[in-house]
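A.B. asks: Construct the entire structure; sequences and hints are all you get.
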Amino acid sequence: MKPKSFAHARRETASGFTLVELMIAVVVVALLASIALPSFMDSIRKSRRSEAFAALAQVQQAQERWRSNGSSYAESLTNAANGTPPGLGMASATTAKGYYTLSLSGAGASGYTVTATAVAGTSQASDGNCKVLAAQVQGGNLSHGSGAAAAAFPDANRCWAQ
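All letters in the sequence shown, in the order written, are residues 18 to 179 by this note's numbering.
Incorrect hints may have been included.
Label pairs and their calculated CB-CB ranges [to be verified]: (1) 53 to 122: 33 to 43 Å; (2) 142 to 82: 27 to 37 Å; (3) 137 to 32: 48 to 58 Å; (4) 55 to 125: 20 to 30 Å; (5) 74 to 44: 20 to 30 Å; (6) 175 to 125: 23 to 33 Å; (7) 106 to 145: 43 to 53 Å; (8) 43 to 159: 29 to 39 Å; (9) 138 to 53: 19 to 29 Å.
Since the hints were derived computationally from the structure, they do not count as laboratory data.
It should be emphasised that the depicted structure is a prediction, and the values quoted were computed from it without experimental measurement.
Glycine included, each C-beta is placed from N, C-alpha and C at the ideal position.
C.D. replies: Next comes the structure, spelled out in structure tokens:
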């Protein structure tokens, strides 16, 4: 019997992925994720604004019901423990899912301002120029505002859909 030489030995082919191919795939996935994740998070923040819009609309409706029975708008969202000032009777000054805190200011005979402010520690707190959303009724006219802080609401179009 003749011994087999290595030149004539049958070469077996390996199947599967090499480490280099696997690392290239991981890098491509990581690159795509780094591009898509900020956009995805921005979309989530925008969709959560609807919670604030709904809460502001709820306060507006409650204020109009209150005003139809009296000479001025309510001064508080919730009822005070002793009933002074009388409030709208809302269970909480926080939105249903807890992303925004509601506040009421300037309530009187001719109008009020209701504000939804993003709660610190939530993803809405990093919502840039839309951290604070507000609706103001003055003399029967409704206006909307938004901003990074409660001090000024320069641009309603940025956060409020038309």
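A.B. asks: For every hint, state whether the structure bears it out.
C.D. replies: Evaluated hints:
| no. | hint | result |
| --- | --- | --- |
| 1 | 53 to 122: 33 to 43 Å | holds, 40 Å |
| 2 | 142 to 82: 27 to 37 Å | holds, 32 Å |
| 3 | 137 to 32: 48 to 58 Å | holds, 54 Å |
| 4 | 55 to 125: 20 to 30 Å | violated, 43 Å |
| 5 | 74 to 44: 20 to 30 Å | violated, 47 Å |
| 6 | 175 to 125: 23 to 33 Å | holds, 28 Å |
| 7 | 106 to 145: 43 to 53 Å | violated, 34 Å |
| 8 | 43 to 159: 29 to 39 Å | violated, 52 Å |
| 9 | 138 to 53: 19 to 29 Å | holds, 25 Å |
Hint compliance for this structure: hints 4, 5, 7, 8 are not met, and every other hint is.
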